[in-house]
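Work out the full structure: start from the sequences and follow the hints.
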Amino acid sequence: MQRLVEIRSYQLKRGIAAEFHAAVETTAVPMLREWGADVVAYGPSEHAPDTYYLIRAYVDLDDLNRTAPAQPALRAPPGVDGPWHRCSSRLAWDTGCSQTPS
Numbered sequence: 001m002q003r004l005v006e007i008r009s010y011q012l013k014r015g016i017a018a019e020f021h022a023a024v025e026t027t028a029v030p031m032l033r034e035w036g037a038d039v040v041a042y043g044p045s046e047h048a049p050d051t052y053y054l055i056r057a058y059v060d061l062d063d064l065n066r067t068a069p070a071q072p073a074l075r076a077p078p079g080v081d082g083p084w085h086r087c088s089s090r091l092a093w094d095t096g097c098s099q100t101p102s
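Just so you know, we're using my numbering here: the sequence shown kicks off at 1 and counts up by one.
Hints in this document: simulated from the structure, not taken from any laboratory. Treat the hints with caution; some may be incorrect.
Subject to a maximum C-alpha distance of 20 Å in a straight line, what follows is the list of computed SDA-like cross-link-like pairs (lysine to any residue) [as the list claims (entries may be wrong)]:
| hint | residue 1 | residue 2 |
| --- | --- | --- |
| 1 | 13 | 62 |
| 2 | 13 | 27 |
| 3 | 13 | 53 |
| 4 | 13 | 25 |
| 5 | 13 | 50 |
| 6 | 13 | 48 |
| 7 | 13 | 67 |
| 8 | 13 | 63 |
| 9 | 13 | 23 |
| 10 | 13 | 42 |
| 11 | 13 | 65 |
No experiment lies behind these values; they were computed from the predicted model shown.
In structure tokens form, the structure reads like this:
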């Protein structure tokens with residue numbers, strides 16, 4: 001069965017990769033899984049020290065559009081203190097794309 005994958009790429013603030021990874025492992029990933037997200041993989045880049053990735057899988061685009069907005073921390077306004085803020089405050093920027101593998 002093919003699934004839609006969402007690949008998020010994060011450019012971290014310089015020198016905080018280990019701290020960010022700890023926050024993702026203890027806060028973000030458990031929170032995402034609690035909300036039913038299928039977290040496929042995550043971790044620091046092997047070739048760029050201040051880059052990080054997160055891959056989630058969905059049944060299809062409708063599943064992504066239905067479930068991602070239901071994850072409250074991912075739509076919290078900037079500066080709101082909370083579990084995701086402990087991770088997002090360490091980002092210089094992030095980007096993502098979604099694709100069903102062929």
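Evaluated hints:
| no. | hint | result |
| --- | --- | --- |
| 1 | 13 x 62 | 33 Å, violated |
| 2 | 13 x 27 | 18 Å, holds |
| 3 | 13 x 53 | 14 Å, holds |
| 4 | 13 x 25 | 18 Å, holds |
| 5 | 13 x 50 | 7 Å, holds |
| 6 | 13 x 48 | 12 Å, holds |
| 7 | 13 x 67 | 29 Å, violated |
| 8 | 13 x 63 | 32 Å, violated |
| 9 | 13 x 23 | 14 Å, holds |
| 10 | 13 x 42 | 17 Å, holds |
| 11 | 13 x 65 | 29 Å, violated |
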